[in-house]
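> Residue numbers (the working numbering), protein chains in the order written: chain A, 1457 to 1646; chain B, 1457 to 1646.
Quick caveat, the hints were computed from the structure, so don't treat them as lab data.
You can't tell identical chains apart in this list, so a pair holds if it fits in one copy or across any two.
Heads up, simulated DSS-like pairs for lysine-lysine below, C-alpha to C-alpha not over 25 Å straight-line:
| id | residue 1 | residue 2 |
| --- | --- | --- |
| 1 | Lys1536 | Lys1477 |
| 2 | Lys1477 | Lys1537 |
| 3 | Lys1458 | Lys1496 |
| 4 | Lys1477 | Lys1567 |
| 5 | Lys1571 | Lys1466 |
| 6 | Lys1477 | Lys1466 |
| 7 | Lys1477 | Lys1568 |
| 8 | Lys1571 | Lys1537 |
| 9 | Lys1466 | Lys1568 |
Spelled out, the chains give:
2 protein chains.
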Amino acid sequence: MKLLEERILKDGRMIGTDILKVDNFLNHQLDVNLFAEMGKEWKRLYANEEVTKILTIEASGIGIACIAALEFQCPVVFVKKGSHKYLSDDVYSAQIRSFTHGNTYNAIVDKKFLKKEDKVLIIDDFLASGEALHGMIDLVEQAGAKVVGCGVAIEKAFQPGGAEIRARGIRVESLARIARMDESGITFCD
Amino acid sequence: MKLLEERILKDGRMIGTDILKVDNFLNHQLDVNLFAEMGKEWKRLYANEEVTKILTIEASGIGIACIAALEFQCPVVFVKKGSHKYLSDDVYSAQIRSFTHGNTYNAIVDKKFLKKEDKVLIIDDFLASGEALHGMIDLVEQAGAKVVGCGVAIEKAFQPGGAEIRARGIRVESLARIARMDESGITFCD
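Next up, chain A with everything else stripped away, as it sits in the complex (with noise of 0.2 Å):
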């Protein structure tokens, strides 16, 4: 998506080779026109499926997400992050690493929100290690619904995340594929 690619050229920092800064608007601060063009465009990849319902994660997938679902006309159910040492019966779990902040957490949602029928619209802000998208499909996959795909802003496509995913048979659609990151800037995949 050109308009996503133009402006993390634009606006996003690198720091080395790995980290790109775009929390001024993406994920502190928050260009909902932005996100509004890209509902439209997940719409457009994903027009032939019926989505009943979009999971994301908190805290940066939802304002995403949640202008996406106004395209899509179907709820957002977002997943929660957490120790939660006691699982309840209630909920879904599943175990997510995360490399940013160099733990194990506990990411739940509770059963009443993801049924059987569901076919569900996984999105997220990044794809790069592919953590929380398994999280969030095998959350899908414990309630027997069907992950119809991904809705991915900016995949790092030079870490494995997105080939496991797709190797899981599982569709992903990232608006900005960004193939490395290094003295000659960001390239994108062609």
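Chain A is fixed; fit chain B onto it per the hints.
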């Protein structure tokens, strides 16, 4: 706001006389069409204010804030919660006590995203003790910016937060104000 009050009566669950669960439309599963109507109502109420930024706090404020921001045509900034033992000079911070979780956390926002020329509408899902709103107001004041007002989805008017914040001279527009919850059910303020 009639629509929200009716939805609370239909889908909210009282737990005792103090707790109201609205996780099926407001803060776990999210009804984005309801959020769109809420956004229009805040826009109507604050039509004469030139809002340059909406401030909210992770996680459950983000969805309603983003959809309201489509009406106000301004960015959202969400305040992050964390222990953040070592605070950087790049952030404003406020300590917020959580009655729900029985702890105190640092609420932080990057100084880049609140400027003294900003006119800030603060949005949150619940107002009860008022701790989160007080903290966000403090962050805006640290930046030397102006608080235009607060937009709250559900106010528990039987708790002191709303009165305290209005006593600070700050406008609060709550779309549903609950006078009491008891054996006869939920009663809204007139």
